[in-house]
Amino acid sequence: MKISQTTFKLPSFSKGFHLIDDIVISYLRQLDSVHTGVLHLFIKHTSASLAIGENADPSVRVDLENFFYELCDNKPYFTHTLEGSDDMPAHIKSVMIGTSLTIPITDGRCNLGIWQGIYLCEHRNHASGREIVMTVMGN
Amino acid sequence: MKISQTTFKLPSFSKGFHLIDDIVISYLRQLDSVHTGVLHLFIKHTSASLAIGENADPSVRVDLENFFYELCDNKPYFTHTLEGSDDMPAHIKSVMIGTSLTIPITDGRCNLGIWQGIYLCEHRNHASGREIVMTVMGN
Amino acid sequence: MKISQTTFKLPSFSKGFHLIDDIVISYLRQLDSVHTGVLHLFIKHTSASLAIGENADPSVRVDLENFFYELCDNKPYFTHTLEGSDDMPAHIKSVMIGTSLTIPITDGRCNLGIWQGIYLCEHRNHASGREIVMTVMGN
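Residue numbers (our numbering), protein chains in the order written: chain A, 1 to 139; chain B, 1 to 139; chain C, 1 to 139.
The reader is advised that the hints may include incorrect statements.
Computed cross-link-like contacts, DSBU-like style, restricted to lysine-lysine with a CA-CA straight-line distance of at most 35 Å [what the hints assert, rightly or not]:
id, chain 1, residue 1, chain 2, residue 2
1, C, Lys9, C, Lys44
2, A, Lys2, B, Lys2
3, B, Lys44, B, Lys15
4, A, Lys15, C, Lys15
5, A, Lys75, A, Lys15
6, A, Lys44, C, Lys2
7, C, Lys2, A, Lys2
8, A, Lys75, A, Lys9
9, C, Lys15, C, Lys44
10, C, Lys2, C, Lys75
11, A, Lys44, A, Lys15
12, B, Lys44, C, Lys2
13, A, Lys75, C, Lys15
14, B, Lys2, A, Lys44
15, C, Lys2, C, Lys44
16, C, Lys9, B, Lys2
17, A, Lys44, C, Lys9
18, B, Lys15, C, Lys44
19, C, Lys2, B, Lys9
20, A, Lys9, B, Lys44
21, C, Lys44, B, Lys44
22, B, Lys44, A, Lys15
23, A, Lys44, B, Lys75
24, B, Lys44, B, Lys2
25, A, Lys9, B, Lys2
26, B, Lys44, B, Lys75
27, A, Lys75, B, Lys2
28, B, Lys15, B, Lys75
29, B, Lys44, A, Lys2
30, C, Lys44, A, Lys44
31, C, Lys75, A, Lys75
32, A, Lys9, A, Lys44
33, B, Lys75, C, Lys9
34, C, Lys75, C, Lys9
35, B, Lys9, B, Lys44
36, B, Lys75, A, Lys15
37, B, Lys75, A, Lys75
Computed footprint of chain A on chain B, listed as stretches where at least three residues anywhere in the stretch have a Cβ under 8 Å from a Cβ of chain A [claimed, not checked]:
id, region
38, 70-81
39, 94-106
Worth flagging that the hints you see were computed from the coordinates, not collected in a lab.
Ideal Cβ placement from N, Cα and C applies to all residues, glycine included.
Kindly produce the complete structure, drawing on both the sequences and the hints.
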């Protein structure tokens, strides 16, 4: 078994859910190739998340953004408010959705389902590019 | 360290939370045995999830289903509705609960807590069997 | 690649979100050192979670506790109620937040973002120390 790792920065995305498969795969190609293994992605932030989600219909990502906004924003009891009204909800969404993904690699490729894509979930209104640590392990 | 991987299909389950430990362990026995390591499970779908949950009292799984239904279903602002009223909530639950699990292997066995079981969380009303990629790494 | 694993017990924490980086790192030092790899943490319980969250302002952790309480507690339809009113919400939070973390190791250290910390999320009112299985893989 071998392991290789790299860190890269995503471009800046608007608030919402975004497909980043192409970006992830372009960086994956720079690492040692693996036939059978796992890919680990870790986002080094507390106001953005990584998730696996539907990759075909953009309305899914719109509905996700609206759902998590309704669920987490504008709570009257929030005390962590100095950094803006989008900050505390961002921390909650990050805890709820999670900051890492582990995806199987099979026959040298990410073994996602046909409808699955890799989401960057950007929870801030005005964020700069997010840093991701990518690790590949396998044979 | 060694790695081995397989893909298998679960039987079709009804909407709700279901214990699948026995099925997972039967497929795990087909892979190279590992004394110390990790087991990774990945479900190749965007409307079902994998989770670790209470394994003893079926009422926990009933309450989980009712909780996530109340939380995620029937939102008036959903726009992704063509595939049925259970579809967009399923995508949300999948993002919220997650599509993969990593479980330690110790002394050749899944090192779960005594009350922990492996859940398939089926979010659709009428789903066929779900595909899972299982990877074991360790010594 | 090498792998090493240990199990340890956290001290008892009050209900809420707590930073446990120092404890995790002290046990990590007892395992084989790894330059490049991943650290896997798994909590062997169904009423507590592990998460990555903001590490600087304690008000974030207060707001998280209040948010998840408002979201998950005191549902009139709960049927799993024999073990107290904090029990079923604890199972839900555990499914929602998750029982494991995978963190990259880079240059021999946990490669967390500058604002990221490791949370024990204690969902019970009166819990004893929680057991964690820690696995390190890498070179």
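These are the hints, each one checked on the structure:
1. For the proposed pair C:Lys9 and C:Lys44, the alpha carbon gap of about 10 Å is at most 35 Å, so the pair holds.
2. Using a Cα cut-off of 35 Å, the hinted pair A:Lys2 and B:Lys2 holds, with the two alpha carbons roughly 10 Å apart.
3. Distance check on the hinted pair: B:Lys44 and B:Lys15 sit about 17 Å apart at the alpha-carbon level, within 35 Å; holds.
4. Annotation: proposed proximity of A:Lys15 to C:Lys15 holds, straight-line Cα distance about 32 Å (limit 35 Å).
5. Taken as a hint, the A:Lys75 and A:Lys15 pair is honoured in the structure, with Cα atoms around 19 Å apart against an allowance of 35 Å.
6. The hinted pair formed by A:Lys44 and C:Lys2 meets the criterion: a straight-line CA distance of about 25 Å does not exceed 35 Å.
7. About 10 Å separates the Cα atoms of C:Lys2 and A:Lys2, which keeps this hinted pair within 35 Å; it holds.
8. Pair hint A:Lys75 plus A:Lys9 holds up; C-alpha atoms about 32 Å apart against a cutoff of 35 Å.
9. Between the alpha carbons of C:Lys15 and C:Lys44 the distance comes to roughly 17 Å, so the proposed pair stays at or under 35 Å and holds.
10. About 47 Å separates the Cα atoms of C:Lys2 and C:Lys75, which puts this hinted pair outside 35 Å; it is violated.
11. Using a Cα cut-off of 35 Å, the hinted pair A:Lys44 and A:Lys15 holds, with the two alpha carbons roughly 17 Å apart.
12. Under the criterion of a C-alpha separation no larger than 35 Å, the hint pairing B:Lys44 with C:Lys2 is consistent with the structure, at around 29 Å.
13. With a C-alpha separation of about 21 Å, the suggested pairing of A:Lys75 with C:Lys15 holds against the 35 Å cut-off.
14. About 29 Å separates the Cα atoms of B:Lys2 and A:Lys44, which keeps this hinted pair within 35 Å; it holds.
15. The suggested pairing of C:Lys2 with C:Lys44 holds, with an alpha-carbon distance near 24 Å, which does not exceed 35 Å.
16. Simply put, C:Lys9 and B:Lys2 have alpha-carbon atoms about 29 Å apart, close enough for the 35 Å limit, and the pair holds.
17. For the hint pairing A:Lys44 with C:Lys9, the CA-to-CA distance comes to about 27 Å; that is within 35 Å, so the pair holds.
18. A distance of roughly 26 Å separates the Cα atoms of B:Lys15 and C:Lys44; the hinted pair therefore holds under the 35 Å criterion.
19. For the hint linking C:Lys2 to B:Lys9, the alpha-carbon distance of about 31 Å falls within 35 Å, and the restraint holds.
20. With a C-alpha separation of about 27 Å, the suggested pairing of A:Lys9 with B:Lys44 holds against the 35 Å cut-off.
21. For the hint linking C:Lys44 to B:Lys44, the alpha-carbon distance of about 25 Å falls within 35 Å, and the restraint holds.
22. A threshold of 35 Å between alpha carbons decides the hint, and for B:Lys44 with A:Lys15 the separation of about 26 Å falls inside it, so the pair holds.
23. With a C-alpha separation of about 32 Å, the suggested pairing of A:Lys44 with B:Lys75 holds against the 35 Å cut-off.
24. Using a Cα cut-off of 35 Å, the hinted pair B:Lys44 and B:Lys2 holds, with the two alpha carbons roughly 24 Å apart.
25. Restraint check: the Cα-Cα separation between A:Lys9 and B:Lys2 comes to about 31 Å, which is no more than 35 Å; the hinted pair holds.
26. Between B:Lys44 and B:Lys75, the direct Cα distance comes to roughly 26 Å. Compliance with the 35 Å bound is thereby established for this hinted pair.
27. Between A:Lys75 and B:Lys2 the CA atoms are separated by roughly 49 Å; this puts the pair beyond 35 Å, and the hint is violated.
28. The straight-line distance between the Cα atoms of B:Lys15 and B:Lys75 is roughly 19 Å, inside the 35 Å bound, and the hint therefore holds.
29. Annotation: proposed proximity of B:Lys44 to A:Lys2 holds, straight-line Cα distance about 25 Å (limit 35 Å).
30. The suggested pairing of C:Lys44 with A:Lys44 holds, with an alpha-carbon distance near 25 Å, which does not exceed 35 Å.
31. A threshold of 35 Å between alpha carbons decides the hint, and for C:Lys75 with A:Lys75 the separation of about 19 Å falls inside it, so the pair holds.
32. Among the hinted pairs, A:Lys9 with A:Lys44 is consistent with the structure: their alpha-carbon atoms are about 10 Å apart, no more than 35 Å.
33. Pair hint B:Lys75 plus C:Lys9 does not hold up; C-alpha atoms about 42 Å apart against a cutoff of 35 Å.
34. At most 35 Å may separate the alpha-carbon atoms for a hinted pair to count; C:Lys75 and C:Lys9 meet this at roughly 32 Å.
35. Distance hint between B:Lys9 and B:Lys44 is fulfilled; the C-alpha atoms sit about 10 Å from each other, no more than 35 Å.
36. Between B:Lys75 and A:Lys15, the direct Cα distance comes to roughly 21 Å. Compliance with the 35 Å bound is thereby established for this hinted pair.
37. Distance restraint check for B:Lys75 and A:Lys75: the Cα-Cα separation of roughly 19 Å lies within the 35 Å cut-off, and the hinted pair is therefore satisfied.
38. For the region 70-81 of chain B, the stated coverage by chain A holds: 7 residues have a C-beta nearer than 8 Å to a C-beta of that chain, and at least 3 were required.
39. Given as covered by chain A, the region 94-106 of chain B passes the check, having 7 residues with a CB less than 8 Å from a CB of that chain where 3 are the minimum.
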